[in-house]
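If you want the building blocks of each chain, they are given just below.
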Amino acid sequence: DAGVTQSPTHLIKTRGQQVTLRCSPKSGHDTVSWYQQALGQGPQFIFQYYEEEERQRGNFPDRFSGHQFPNYSSELNVNALLLGDSALYLCASSPDGGYSGANVLTFGAGSRLTVL
Amino acid sequence: TQLLEQSPQFLSIQEGENLTVYCNSSSVFSSLQWYRQEPGEGPVLLVTVVTGGEVKKLKRLTFQFGDARKDSSLHITAAQPGDTGLYLCAGADDSNYQLIWGAGTKLIIKP
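Protein sequences appear in the order of chains A and B. Numbering follows our numbering, in which position 26 of the first sequence is assigned residue number 26; successive positions increment by one, without gaps. Numbering follows our numbering, in which position 23 of the second sequence is assigned residue number 23; successive positions increment by one, without gaps.
Treat each hint with caution, since some may be false.
When the alpha-carbon atoms are kept at most 20 Å apart in a straight line, the in silico SDA-like pairs for lysine to any residue are as follows [what the hints assert, rightly or not]:
1) B/K110 x B/P81
2) B/K56 x B/G40
3) B/K70 x B/V28
4) B/K110 x B/Q9
5) B/K106 x A/D30
6) B/K56 x A/V104
7) B/K106 x A/Q44
8) B/K56 x B/D71
9) B/K70 x B/Q6
10) B/K110 x B/D71
11) B/K106 x A/Q41
12) B/K106 x B/L3
13) B/K106 x B/G53
14) B/K57 x A/K13
15) A/K13 x A/E52
16) B/K57 x B/E41
17) B/K110 x B/E38
18) B/K110 x B/S30
19) B/K70 x B/G53
20) B/K106 x B/T77
21) B/K106 x A/A109
22) B/K106 x B/S30
23) B/K59 x B/V28
24) B/K110 x B/G53
25) B/K106 x A/K13
26) B/K106 x A/A38
27) B/K106 x A/L39
In short, the hints are calculated from the structure, not lab data.
Same shape as in the complex, but just chain B (with noise of 0.2 Å):
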């Protein structure tokens, strides 16, 4: 069974400050996908990681795929309050057609 553990599941720092959420699995995906979503709203895409090792940066946000594709990290530089909110990791197989999402991390900046 194929599992997404995300970390932490729930942090509330300052504005300004910087943070990482992790997602770890033991299963190798064929790419992984990070959702935001906001209270009473469905999960928005951020950003798709394909390649091992990819990096890829939306302004403030940078993302990263493991080399071995077995897990991703969200590094948010500088967090303002916008940025809170319900963080997804979902990791895709090829021979699947779901997804296996993370449990979340709840994300909340203080002004």
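If we strip away everything but chain A, and leave its shape as in the complex, we get (with noise of 0.2 Å):
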């Protein structure tokens, strides 16, 4: 049973380029957030979609956005890159149990993202 696959597992931009990251979620899972880590810290919570809507928004700008397809995969887009952005971009699946305290999530391997 695959987990949660994400691609590219590492890539390399420059400031006011664009990137769009991709994840599959586990098999049954159809909630899927994705957040940013930044070295030797904790995820931050970016957004989270759940039908094919953006069910709730962390605090990031709106060059941050994201889409999820019928088949649950999803994707997330950065627009107009700063330093900053430079990140491991985490995808995580759940099962809809309502709410974050229900579920189990089942994180990717993320996506390395350096910022030049």
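Put the complex together from the two separate chains, hints included.
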């Protein structure tokens, strides 16, 4: 049973460029959350998608956007990249129990983004 | 704004020693989770504690949720090099879809 898969695993971009990261959730999971993790820090919640809609958003600017497809997979898009966007971007999936506290998050290995 | 403070931020000890990691907040959480993350990987769930005062054991790891559900601790007995990693606590609020994360404790166990 495949877990959460993310692609690409590593990528390098320059300031001002745009990036798209992809996530396939664990089989049977229909909710996808995206997190940003700076080096040596805990994850920061970006947003969560359920039923192809953004259900909740963290404190991130509009440059961060996403999408969920009918097969529950998801994309994270970041426009106008800044140096500070360099981080590990984690995707986590869960079965929808209504609230995060009731669910077990399964994380992917992440996409390491470096902005030069 | 809900915050979770973890301490210590960094801990390096010898194999066989005991250690405790703390996770504190002024907010009440409906549950609290502990994760372990290794370099190049995503966090992996170790345990979820739900009831105030709850104690859960996972081999040499003991997790406790405070009576008021505002704090938690992770105690490792006889640490081994395989315990090395970043330990993260995350609190859940039933009014919210997101988890609130601590900054993590980087643990190194030297052989």
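Each hint tested on the structure:
1. B/K110 x B/P81: holds, 6 Å
2. B/K56 x B/G40: It is violated: about 28 Å lies between the C-alpha atoms, which goes past 20 Å.
3. B/K70 x B/V28: holds, 5 Å
4. B/K110 x B/Q9: holds, 17 Å
5. B/K106 x A/D30: violated, 32 Å
6. B/K56 x A/V104: holds, 17 Å
7. B/K106 x A/Q44: The given pair, whose Cα atoms are some 17 Å apart, holds under the 20 Å limit.
8. B/K56 x B/D71: holds, 14 Å
9. B/K70 x B/Q6: holds, 12 Å
10. B/K110 x B/D71: Distance ~28 Å between B/K110 and B/D71 Cα, so the pair is violated.
11. B/K106 x A/Q41: holds, 10 Å
12. B/K106 x B/L3: Answer holds: B/K106 to B/L3 is near 19 Å, not above 20 Å.
13. B/K106 x B/G53: Between B/K106 and B/G53 the Cα gap is close to 25 Å, so the pair fails against 20 Å, i.e. violated.
14. B/K57 x A/K13: Roughly 44 Å separates the two Cα atoms, so the pair is violated.
15. A/K13 x A/E52: Status violated; Cα separation ~28 Å.
16. B/K57 x B/E41: violated, 24 Å
17. B/K110 x B/E38: holds, 16 Å
18. B/K110 x B/S30: Status violated; Cα separation ~36 Å.
19. B/K70 x B/G53: Holds, because 11 Å separates the two Cα atoms, which is no more than 20 Å.
20. B/K106 x B/T77: holds, 17 Å
21. B/K106 x A/A109: holds, 18 Å
22. B/K106 x B/S30: Violated, at roughly 26 Å.
23. B/K59 x B/V28: Violated - the C-alpha atoms of B/V28 and B/K59 are around 28 Å apart, more than 20 Å.
24. B/K110 x B/G53: Given that 20 Å is the threshold and the Cα spacing comes to 32 Å, the pair is violated.
25. B/K106 x A/K13: This hinted pair is violated, its Cα atoms lying about 28 Å apart.
26. B/K106 x A/A38: holds, 14 Å
27. B/K106 x A/L39: Roughly 11 Å between the alpha carbons, so the hint for B/K106 and A/L39 holds.
Against the hints set out earlier in the document, violations occur for numbers 2, 5, 10, 13, 14, 15, 16, 18, 22, 23, 24, 25.
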